[in-house]
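Per the numbering used here, the sequence shown starts with residue 297, numbered consecutively.
Rather than coming from a laboratory, the hints here were simulated on the basis of the structure. Values in this document were obtained by computation on a predicted structure and should not be read as measured data. In this text, a Cβ means the ideal position worked out from N, Cα and C, and glycines have one as well. This list has only true hints and no planted wrong ones.
Derived lysine-lysine pairs resembling DSS-like cross-links, with alpha carbons at most 27 Å apart:
(1) Lys367 with Lys479
(2) Lys322 with Lys523
(3) Lys576 with Lys409
(4) Lys523 with Lys584
(5) Lys363 with Lys575
Across the chosen pairs, the derived CB separations fall in these ranges:
(6) Gly433 with Cys603: 23 to 31 Å
(7) Lys322 with Asn486: 41 to 49 Å
(8) Pro371 with Leu310: 48 to 56 Å
(9) Phe493 with Pro580: 27 to 35 Å
(10) Leu481 with Ser602: 44 to 52 Å
(11) Gly433 with Phe513: 24 to 32 Å
(12) Lys409 with Lys329: 41 to 49 Å
(13) Lys465 with Phe339: 39 to 47 Å
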Amino acid sequence: MTTNLKKIVNNIPLLFLIIIFFALLKDADLVLKSSINAATLFFTKLFPCMFIFYTLQDLLLNYGILKLFIKFFSPLSKKLFHLDACSSYIIFMSMLTGFPSGSKYITDFYNKKYIDRNTANYLLTFTHFSNPLFILGTVSVITTKSMALIILLSHFLSNFVVAFFTRPKLYIEKSIPQTREKKSLTTCLNDSFQNTFSIVKIVFCTTIFFVVIITLFTSFIPNTYLKTILFGLFDLTKGVTEVNKLSLTMYQKGILICSFISLGGVSVHMQVQSIIAQKKLSYPAFLKGRIASTGINLLLYTILCSCIL
297 MTTNLKKIVN NIPLLFLIII FFALLKDADL VLKSSINAAT LFFTKLFPCM FIFYTLQDLL
357 LNYGILKLFI KFFSPLSKKL FHLDACSSYI IFMSMLTGFP SGSKYITDFY NKKYIDRNTA
417 NYLLTFTHFS NPLFILGTVS VITTKSMALI ILLSHFLSNF VVAFFTRPKL YIEKSIPQTR
477 EKKSLTTCLN DSFQNTFSIV KIVFCTTIFF VVIITLFTSF IPNTYLKTIL FGLFDLTKGV
537 TEVNKLSLTM YQKGILICSF ISLGGVSVHM QVQSIIAQKK LSYPAFLKGR IASTGINLLL
597 YTILCSCIL
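My request is simple: use the sequences and hints to build the entire structure.
Below you can see the structure in the form of structure tokens.
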């Protein structure tokens, strides 16, 4: 690559930011309105699902839930995915709390040396689970409860298919983590709240930023379908809610929702990158997992719809 071309490529982010800056100045009312809408979206759709689950899982970890997982789930995780029970805890809690919790748990466990780097990168490929309350609550309003259940099932199964076919060839035995020092309930609650808000604020900021940016750029696009796809590619929560405005069949709406949830959107990818960057874990592993899972999810969704509906 020539020197001039390198300069042009390096200046693309700066040019993009300048365009955004002037776009913000040009339509301040739209920016204010979209910011309020994004904040409302976060506090009504995401925060209720995230806060209680993040706090509870942190409390459970402090009170020794990991020991129970090691006792009961080690044989299952070893047989299916060639993983120890510490990894199965990450999988289970990621399913309950929703993304980007998987990357947070992976980073925390890697930092505590409960898992090694290879295991951490492997877990990144498939621990991208949407919060069940989000799918059963928000998605069922857009489609139906039975369709929401199908979307939830195909989403979870697609991740497990990716996990099974990319699992390590050999099982590596890990030493059992030492019991942590017991803390008072008040101390545990304070620690849990701090840990929860550290991830919640990342999700909040990225949601506001990307919803505002994509709202600005889509304000010039008259096609509702293209707008919805762009919203979903940048922020899946906004994209999923916009699907309700489209004149599509329930099956077609489900196709879009499955795609948005499996891919994650730029917003979720930024959240994951910001979390795993501190330990230099592999973002390409996460990205490859999202691409593979999306294709498998759509296939499973189609099969389940044809069998159940």
